[in-house]
Each structure stands twice: as C-alpha cells, then as structure tokens.
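Visitor: Can you build the whole structure from these sequences, using the hints too?
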Amino acid sequence: MSALVHHREQFVLRTPGRGTQDVTKRVQDIVRGSGVRDGQCTVFVHHTSASLILCENADPTVRRDLEAFAARLVPDGDPIFAHVDEGDDDMPAHVRTILTQASLTMPVVDGRCDLGTWQGLYLWEHRTAPHQRRITVTVLGSA
Amino acid sequence: MSALVHHREQFVLRTPGRGTQDVTKRVQDIVRGSGVRDGQCTVFVHHTSASLILCENADPTVRRDLEAFAARLVPDGDPIFAHVDEGDDDMPAHVRTILTQASLTMPVVDGRCDLGTWQGLYLWEHRTAPHQRRITVTVLGSA
Amino acid sequence: MSALVHHREQFVLRTPGRGTQDVTKRVQDIVRGSGVRDGQCTVFVHHTSASLILCENADPTVRRDLEAFAARLVPDGDPIFAHVDEGDDDMPAHVRTILTQASLTMPVVDGRCDLGTWQGLYLWEHRTAPHQRRITVTVLGSA
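Sequences listed follow chains A, B and C, in order. Residue 1 is where the first sequence starts when you use our numbering, and the numbers rise one by one after that. Residue 1001 is where the second sequence starts when you use our numbering, and the numbers rise one by one after that. Residue 2001 is where the third sequence starts when you use our numbering, and the numbers rise one by one after that.
One or more hints might be untrue.
[Unchecked claim] Residues from chain A that keep clear of chain B, each with C-beta distances beyond 10 Å, as calculated:
#1 R8
#2 V12
#3 T15
#4 R37
#5 N57
#6 D76
#7 A82
#8 T105
#9 D114
#10 R134
[Said to hold, decoys possible] Label-pair ranges, simulated between beta-carbon atoms:
#11 A:D85 / C:G2017: 42 to 50 Å
#12 B:G1033 / A:A3: 43 to 51 Å
#13 B:P1075 / A:V12: 16 to 24 Å
Note that these hints are calculated values from the structure, not bench results. Heads up, the beta-carbon is just placed ideally off N, CA and C, and yes, glycines get one too.
Guide: The structure is reproduced here in structure tokens:
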C-alpha cells in the first residue's frame, strides 16, 4: 500500500461538427504529466450531445460505418421527436449521447492508460455544427 | 498530494413506473455532506431493469422523446422475446438497462459534481409498474 | 478516514465465440483477495469487439433474448457496413461493443461487490469465433 495521488485536468476540444475525434494522445499526455504510475484514469464529457467511445483505431472505415449505423438508428428529422428547438439533429444528438458514454474509466499501468492494441479513445460529436466540448480527465493512483 | 476520503451512502427511490426521475439534487446533497471538495462521485443502481442517464435537464420534451424512442427501439410485447415471466415490459426493461448505464462517474470540484450546464442525472425506470430502486453513491477525494 | 489500498489484477478469458460468460465469481474472488473491505471495483475489457454488461442472472432466456435483440439491431452482413475485413460479424461486433460497456464500476461492501440480487457481471463476446479476452480488475478502498 502506498499513498494515492489525485490529479485533475480539463481541456476544451473544438469539433468541426458530427464525427469522432481521437483524444487518446491528449489523455495519455495528461496521465504522464500527472505523475501517477499505477491507478486509474477517468474521462468525463460535460455535455448532453457529445459522448465518449473506445473504438477500433486502425481502420477509419470503422468510424464511418459507426456513423452510418447511428444515422440510421436515430435519424435526423425523425417525426417521433418533438424537441426540435435547435434543428433536426438536436434530439438525435441527445439520444446518441445516452446510448454511448459520458464517462469512461481505464486502468493506468506504468504511467499510461493500459488500452488494448486496437482501442482508441474518441470524443463523438453528435451535432452537425461545430462545437466546443469541455472534457475533464481525473487520474488517481500511486506515483 | 493530500489524504483521500472515501464516503458511501445509499438511498432508495420509489418510482411511479416507467419514466425518468431527476436525482441530481439528491446526489449533490450527498456529495456536499461527504466533506469531499475535490475528487469523483460514482453512482450505481443495483437493478437490471432501471438505469442511469445524464440527460438534458431544461426541456421535459427531451425525456418524453427519449421515452418514445426507447419504446420504438425495444417494443413491449416484441415477439422476439421469450422471457415474459413478469409481462410484456419485462425483457424490454432488461435490454433498455443494458443499452444505458448501471454506473456513472462524475468529477467533484469545490464540493459539487461538476456537471455541464444542461446535464441532469436521472434514474430511468424501465418497468411499467412502480418499483423501489436502491442506489449507492460513492464519493472519493480530498477534503 | 482511513488509508486507501489500490489493488489491480488481470485475467484472460477464452470465449467459445459470440455469447455471454458470467465473470461475477471471478471478479468477486479478486475483490476478496485484494483485502479491500470498503470501496469500489472497476472492471475493464481491453478490446473493441467484446464488452461488459450487468444482466439478470437467474433465467438464461434473458441472455438468449438479448442476443436475439442485438442480432436484429446490428445484423451480421448488413450492407451498410464497409469494414468487413474479418467477415460479416466484424463491424457488428464493434457497434455492439460501443452500445454496451468497456468499463463498469461497482461498490465494494464488506469485501464483496455489492450487486443487486439479480445482477450478474458478464463478458459479452461479439465475434462469432473463439477469442482470448484480457480483463483488468481494479479494487480501491480501505482494508
């Protein structure tokens, strides 16, 4: 047993509109800077129309297919939705967020998030217009 | 680095049947009472037919639309389901739970869960009849 | 307030192909061995085509129905998918993973994950062929 360190850091990501953005390196840099060698890292998105996913990181087709699937599952402009204040993509963005993650916790080993070979961490912007997304990274463990 | 405090508290929520119930204030009160100023708060639901979501908290239409979407995606009485012991909404409740969250972790800053402006924490009851739902809140951080 | 212990352990699960495997006992054994009496346990899967769920643990029909639902929601061989490098179940496996969980956090009370009566923890293999799946369990709390 050793004393535990708690480190928290925020960053803002500008998105160009709907789609996935790789934040793996950004989060790994924060973990490295935290001084935590062994523990856990939790990433949190402070929004209801953007979310987090761990997704295959080698073939960009995977994320295009994912987008196509989401667009079919929760279609923009679906007449089932009454909440259309900000347009056709407003309510679908909320649903897509709820079907994925607002927070994700990963083990930290030797000062890095211990992801699988094919795991990348992505922010998924669900609105069609560009947005600024606030993300908090918390690292907890021993130095 | 400072010593970390670990606080755990349970509560039971009575639901009137299917729908979302705002538990944000209840959880914020537990965080405040924990004495933790900086850290994380994890909420956990001890059930397989009720779940947690972070959802838009300003327009109630969002949660009505969400309900309509879920009812179409996982219809009560769907003939694909063989597990109907407790009625038409039994298996759909399990599926809806699995597609959302049993646990959610949020950063705690200045003694409060640091949620986005539009983020509310909701228990989502998926059964049509009223139920009692047990929820555990764990707060971990420095005082 | 008492000193916090951090324990991490990994195991590899061999799956026979698509379907759910109960890992509750395995995880409870790790928690017991960790010496942590009060705290939290986080389970993490290091893959993008297998995931974690908390599911009803009494009637196996529930998990068969869940499988039937997933197969209909994200059909193998769906022409919407371009990423078919490893076959018809390749991209569906990624989507099913993203719609469920890579990490799950449960409260630990009296040296055990405090699950609800009907909650079992399952690894959900989404590929049709057998795979080896790496899982990390982190237990954090007081002894």
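Visitor: It remains to establish, for every hint, whether it holds in the given structure.
Guide: Structure-based check of each hint:
A beta-carbon of chain B comes within 10 Å of the beta-carbon of R8 of chain A; the shortest separation is about 6 Å. Distance check for V12 of chain A against chain B: the nearest CB is about 12 Å away, which clears 10 Å, and the non-interface claim stands. Distance check for T15 of chain A against chain B: the nearest CB is about 15 Å away, which clears 10 Å, and the non-interface claim stands. Distance to chain B confirms R37 of chain A as a non-interface residue, since its nearest Cβ pair spans about 13 Å, more than 10 Å.
With 10 Å as the threshold on Cβ separation, the claim that N57 of chain A sits away from chain B holds: the shortest Cβ distance comes to roughly 23 Å. The beta carbon of D76 of chain A sits about 13 Å from the closest Cβ of chain B, which is more than 10 Å, so the claim that it is off the interface holds. Not every Cβ of chain B is farther than 10 Å from the Cβ of A82 of chain A; the closest lies at roughly 5 Å, contradicting the non-interface assignment. Remark: the non-interface label on T105 of chain A conflicts with the geometry, its nearest Cβ contact in chain B lying 6 Å away (cut-off 10 Å).
With a cut of 10 Å on Cβ distances, D114 of chain A stays outside the contact zone with chain B, its closest approach being about 18 Å. R134 of chain A, annotated as away from the interface, has a beta carbon of chain B within 10 Å; the closest lies near 7 Å. Our hint of 42 to 50 Å for D85 of chain A and G2017 of chain C holds, since their Cβ atoms are close to 46 Å apart. Under the hint 43 to 51 Å, the C-beta atoms of G1033 of chain B and A3 of chain A, about 25 Å apart, miss the expected range.
Range check, P1075 of chain B to V12 of chain A: Cβ separation about 40 Å, and the 16 to 24 Å hint is violated.
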